[in-house]
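Asks: All chains should be built: construct the whole structure from the sequences, respecting the hints.
Number of protein chains: 2
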Amino acid sequence: MEIQTVVRKRRRDPAQVREVKRRDAGTERTLLSATAELLTEKGNLNFSLAEVGARAGLSTALVQYYFGSKHGLLGALLESSSSGYVAQLNSLMAMDLSALDKLRFHVRGIVKTYTKTPYIDRLLHHLISASDDAGAKRISDYYVKRVVEFYRKLIDQGVREGTMRPIDPMHLYFVLLGTGDHLAARRRLLTPLLGGTAQMDAEFVDEFGNALYDIMCNGVRAL
Amino acid sequence: MEIQTVVRKRRRDPAQVREVKRRDAGTERTLLSATAELLTEKGNLNFSLAEVGARAGLSTALVQYYFGSKHGLLGALLESSSSGYVAQLNSLMAMDLSALDKLRFHVRGIVKTYTKTPYIDRLLHHLISASDDAGAKRISDYYVKRVVEFYRKLIDQGVREGTMRPIDPMHLYFVLLGTGDHLAARRRLLTPLLGGTAQMDAEFVDEFGNALYDIMCNGVRAL
Chain A
1 MEIQTVVRKR RRDPAQVREV KRRDAGTERT LLSATAELLT EKGNLNFSLA
51 EVGARAGLST ALVQYYFGSK HGLLGALLES SSSGYVAQLN SLMAMDLSAL
101 DKLRFHVRGI VKTYTKTPYI DRLLHHLISA SDDAGAKRIS DYYVKRVVEF
151 YRKLIDQGVR EGTMRPIDPM HLYFVLLGTG DHLAARRRLL TPLLGGTAQM
201 DAEFVDEFGN ALYDIMCNGV RAL
Chain B
1 MEIQTVVRKR RRDPAQVREV KRRDAGTERT LLSATAELLT EKGNLNFSLA
51 EVGARAGLST ALVQYYFGSK HGLLGALLES SSSGYVAQLN SLMAMDLSAL
101 DKLRFHVRGI VKTYTKTPYI DRLLHHLISA SDDAGAKRIS DYYVKRVVEF
151 YRKLIDQGVR EGTMRPIDPM HLYFVLLGTG DHLAARRRLL TPLLGGTAQM
201 DAEFVDEFGN ALYDIMCNGV RAL
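Residue numbers (the numbering used here), protein chains in the order written: chain A, 1 to 223; chain B, 1 to 223.
Don't read these hints as lab results, they were simulated from the structure. The structure presented is a predicted model; accordingly, all values stated were derived computationally and were not measured. Hints are all accurate, no fakes.
The list makes no distinction among identical chains, and a pair is therefore deemed to hold if it is satisfied within one copy or across any two copies.
Each computed SDA-like pair below joins lysine to any residue, with the alpha-carbon atoms no more than 20 angstroms apart: (1) K42 <-> H126; (2) K42 <-> D133; (3) K42 <-> H71; (4) K42 <-> D132; (5) K42 <-> S131; (6) K42 <-> R55; (7) K70 <-> N46; (8) K145 <-> S83; (9) K116 <-> H171.
Replies: And the structure:
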């Protein structure tokens, strides 16, 4: 399934496909970037389409033309923000690497994704809550079930290789995604209060990515 | 410092202390329980004092009389919801147990706390964001720095006992509190979508508490 169809599937009738061809990808990216900036700054989803237009230097009507509604805009942002992460999962499982090496790349990918797009988990769960049952199932299958399935295969491989024990993939999901979401949402808030200095993002991804891999690599090892 | 003074300190002038004595602890608990129910159901902090009054079967004016404002109500709820958790930290460090046993009790306490009061992390961080600098520092020192200091002492003890390596306590904070918050916020949403059945809270605390301890116990071990 193409990424672009997961959230916006129902809007793809033939007339709309023709209309999409007349759109400008640069304008769409500008509007999505403005939305991503607003979500990162606010730390919540309480913004209006008018704020997005103002931030992008474009009219509110254009936001409506491109995305239909706030729900459509949020769906498009989820898709564009997580395309790299989803592509990584698809390719990582197929690569000729040990389960521990796959875990290392994946943990680094999580820390990087949440550092770059700290709103992503809140966005995902808002869209699941705000969609009808079929829509919620489609989003959850694509963005949650696929990750849990990746963990299941990863753990199976690690067990075969004698480096992991048979952990529940859902438990690994809660630990890794929870950690990613928490540090993304809280790091900038907590660091100055705790007397530290906020590191640059690239340094943080290196340092915390390595620390989290070390914890998890040992955490899942065969006993 | 008494728990009750952390968030509400500035409101404790002598006139207010006399007034507090005339209040009814049962009414205060009823209002706090109604607020906790609303936060758990909504999964966010978007509620009005009128909703709290209606839920408790009491007038909105009474909510204002007891807590002054929504900020005061949220502060009181944080205090009452986390008193057990904070008391556990205080006593656990002083107990004659190995570092790994302390970690086991603590991890179980986290899973239990977040299962019972899934809103607690969001509440804490809202209050830090919404308070002035001095207030934010006071709340953070009490609810965050104290936990990080507990981790620092726990890891020091584990290193002395030869069972842990010198992990950054802030990293342990992100992993454990992030996991707790994520499972609290997401479990009920995700479980039906993934085809599972939601377990009873007590079963979940046992099962996930043990799994998380196993992961963390190995994750922090001396190499």
